[in-house]
Amino acid sequence: MWRSTIVLKVAMAISGLILVLYLLAHMYGNLKVFAGQEAFDGYSHHLRTMGEPLLPYAGALWIIRVVLLVAVILHIYCAVTLWRRMRLATAGGGGQRYESTKARRGNQRTYASFTMRWGGVVIALFVVYHLLHLTWNTISPGGASGSPYERVVNGFSIWWVVLSYTVALLAVGFHLRHGVWAALASLGANTSQRRRRHLNVLATVVALLITVGFLIPPFAILFGLVG
Amino acid sequence: MSVNLSNYYVDGDPIADSSAPDVPLHETWDQRRFDANLVNPANRRKRTVIIIGTGLAGGSAAATLGEAGYHVKNFCYQDSPRRAHSIAAQGGINAAKNYRNDGDSIQRLFYDTVKGGDYRSRESNSWRLAQISVEIIDQCVAQGVPFAREYGGLLDNRSFGGVQVSRTFYARGQTGQQLLLGAYQALERQIAAGNVEMHTRHEMLELIVAEGRARGVVVRDMVTGEIETHMADAVVLGSGGYGNVYFLSTNAMGCNVTATWRAHRKGAYFANPCYTQIHPTCIPVSGDFQSKLTLMSESLRNDGRIWVPKEGGDTRHPRDIPTAERDYYLERRYPAFGNLVPRDVASRAAKQVCDEGRGVGPGGRGVYLDFASAIERMGRKAVEAKYGNLFEMYEQITGEDPYEVPMRIYPAVHYTMGGLWVDYDLQSTIPGLFVIGEANFSDHGANRLGASALMQGLSDGYFVLPPMISNYLADAPFEEVGPDHPEAVAAAEAVRSRIEKLLAVNGSRTVDSFHRDLGHIVWEYCGMERTEEGLVKAIDLIRELREEFWRDVKVTGTNEELNQTLEKAGRVADFFELAELMCIDALHRDESCGAHFRAEHQTEDGEALRDDENFAYVAAWEFGGEGGKPVLHKEDLVYQNIQMKQRSYK
Amino acid sequence: MNITLRVWRQPDSDAPGKMHTYQVADVSEDMSFLEMLDVLNEQLTIDGEDPIAFDSDCREGICGMCGLVINGLAHGPGKNVTTCQLHMRSFADGDVIDVEPWRAEPFTVIKDLVVDRSSFDRIIQAGGYITAPTGTAPEANSIPVNKADADAAFDAATCIGCGACVAACPNGSASLFMAAKVAHLGLLPQGQPERHSRVLDMVDQHDAEGFGGCTQIGECTAACPKGIQIDLISRMDRDVLSAIAHRK
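Heads up: the sequence lines are chains P, L and U, in that order.
Counting from 1, one number per residue, gives the positions in the first sequence under the working numbering.
Counting from 1001, one number per residue, gives the positions in the second sequence under the working numbering.
Counting from 2001, one number per residue, gives the positions in the third sequence under the working numbering.
Derived from the structure by calculation, the hints contain no laboratory data.
Hints are supplied without guarantee of correctness; some may be wrong.
Not close to chain U: a few residues of chain L, all C-beta gaps over 10 Å, as computed [what the hints assert, rightly or not]: (1) D1320; (2) T1323; (3) A1494; (4) V1505; (5) R1543.
Below, computed lysine-lysine pairings styled on BS3-like, alpha-carbon distance capped at 30 Å [what the hints assert, rightly or not]: (6) K1629/L x K1266/L; (7) K2079/U x K2018/U; (8) K1266/L x K1537/L; (9) K1537/L x K1501/L; (10) K1568/L x K1554/L; (11) K2018/U x K102/P; (12) K1568/L x K2018/U; (13) K102/P x K2079/U; (14) K2018/U x K1554/L; (15) K1537/L x K1634/L; (16) K1537/L x K1554/L; (17) K1381/L x K2079/U; (18) K1501/L x K1629/L; (19) K1629/L x K1568/L; (20) K1381/L x K2147/U.
Remember, it's a predicted structure, so these values are computed and weren't measured experimentally.
Even for Gly, the Cβ is constructed at its ideal location relative to N, Cα and C.
Generate the whole structure from the sequences, applying the supplied hints.
Here it is, written out as structure tokens:
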């Protein structure tokens, strides 16, 4: 039962929605870049002192990190398991298993639904790169710095950094366009044809909000509006 | 009569049903059940019952006998028991619940059934059918069959052709589907429980009769071609009707007579083969390539009005023909029942107006079924709610929108009242061979009323067969008969040699071309209207064509594979033999009754004219041997509770 | 009109198959798609070639026996139709039409366009029923059913078990088939006692048969000849969660 396709989908849905909530918070933080270096670095520091003295220094942040890590691992584990079942069920062909090439796009499926799996891989790779760059500062295009604000501004002043970030965000947008709808439906929220439309509108709104929200700071930096 | 009938058949001894107890009609079934022997639950596991077919009759019987603890082996030619052709029944199922308080009762359902059958059915059987109808609805609702309901949550009813009360329960236009799925699900539960062994894609090709009892069947695995022998203590045929003898009918492509015909050749009498029902509301034929005809539910006649132009050759668009120039011929001829006359009457009336040259559509074989006044009266939405799926189906097939243009309909072969002769216990003339549902002849006489086929299938399968087969099996164990018994070996050998023979012909014509020609002959001469001259001619034509079939048919491939041509060839070969018997039966029945309309016998108004003096009997035919003449056994029909009279729907 | 067909030919389940091209001349637009194949088969038979094997029975869209992938779409173009209801008026003179069997691992090809769908029966065996032995039923009107529920149950119950949902699903999932039965029985008062065990057992059987999972793409519902809606899958998911929460 716990390994049934439906339970796996529910686990994917819950972990995915946790990540969406995190993205919304993250986006809010990013937009602080417009408030200047002090505010941005202060916010960054606040994340570590949040919850004190009930929690130790960086305690809340670590809790968030652990939750995120578990969510990501669960999400990927379920995705890989379900992907393998899809491969087994369709002799590896998936939606392209017919000889006919006349309906490669199916009846009605969206581009977003096509790109869930490879889009997911792109996002995972980007997250690693993103952590190396802005969290751990292991790689530092534009120059390393102790100030998060400076790391951000230095990085996004370079066109190819912005470009790679944009590509990743578009992947996130598509992933959310289908993912948010699918997650809510898998959790039982799709109760009628009308609701199906509503949930799809909601998914589109969330996807657009997050994509645009994340893309505003880097482009603002690139065009010299910040820093 | 100018023809010498003794050229076609010989008279045999009369036959009678000896199993219905001699008590007042309404006590018959209770008394029969009380008299029946029982089988100890512990012994049931040791008794094997073979059931052919998984429709409403076969499926419900298999589920019920499995539940009772018998070891059931169930066979169907489809890939799943859920696909049996009962699934296509649209309109509904009758039951004498009297939920409408409109004067219905078991007695009235019984009366309507016997009258609708033009006084050619057995009183005891028809009464039992009406009595059990009430239990069927209860059973189906408990299984979760989603019947139509009123806003208060209670079951809805509608009226159906040939009656004046509302006693038909329905699930939109898909009642057969929903009832069958109920039986199918009950059956699947028994398969999971290990009580029923299901064999899909298996076709019965021979019956095994050993030591005087039906003891098994020979089947062909339609995927591998393997010929298998299965033994049992009793065999039940629920294999449906033989309407496909006409090639074009509302039956499914695979419906066939082989199971019952093979049993007939082994000694089971075939009763009233000429009683074939032509359904009035089907979509007309559109071309030579046509493979089947599609029925539009009879329920459409509740709100649709049937008409043709008053003048022949009127090619105006139907909407441009003013009311004064239309002939609503059913309403004109039958003011009391109007468009709701029984099927045989409605079909014949359509044929008559087309014969007069007033038919509509390509070829002039069609009449209008018009919903304009219903849409005006109830609104398009209400019509859509009631008949939406039927309208869609019509549009898919014809490309015309029935909300805008009246439907064109024409009669088509739909159901066969004839079938293997059975007694009150549903046992054929071969001990241990039981026949249920459309495959037997018993309940509908010469014409079946709408919404009664589903009732009979489920009545036989759920409620009648189980106690009667227990009664039979109470005498078991019978003699030890295994697959190596000479009769079983011979049966399997017969199947193999027949297949080899079909494959060896290697002629130049396809099976379908023969089937189509056979269908034309039977439709032309043994269809809605029969004459002595035509039937004599038909018998000759059938014999010639049959001879040509065995000389010139082309069956490709081998036995050891999925070979759909071979399957069809075997079925058509049996249809040839049946077609001849149908025509002989129609020829011998020198009267008109119900669906059997002999042009020589009609009233001044063109209605069927019975001859109760000479023909108030069931014609049960015994196989006369290869090349021999069939033997006629008559079962007299005695009416003690109903007075026979001329049917009138005016 | 004249049509070119590319048809999947495969002698049996073990042999490899491939697409084979045929010409069909003088096709009438009033023919159904299967009647067009009948005409081709008549010609093949006369020519001594093996006719194309395909399943069909009622040919009026209710038995669920037929099912072809036509031009890459389960049951071909057109909404709410089975293959047998598809007519040649949906095509044009000179068209090249691709015809293939349902493809999914649990649906083994038996020959040409014929596949094995017995997995569907086993899913029903696992729990797709209401236990009501013959003779035990209470009087029919003693169980009133709210009309909206009865209608919704009917809508779900119209599933014909053809397998188009699986054939169309990029994941090879039978979720829509299963969800339709779960909803039909779960919406009715008679179906409540077994509601939880039913859904868990059916889902387990579905997975054991080797069908894939649902990713809510909706190709199933678009291909479904009976217009079964995808919200039933969501309903089934709720039932699974509720069943797990109430497990004893």
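Which earlier hints turn out false for this structure, listed by number in ascending order? none
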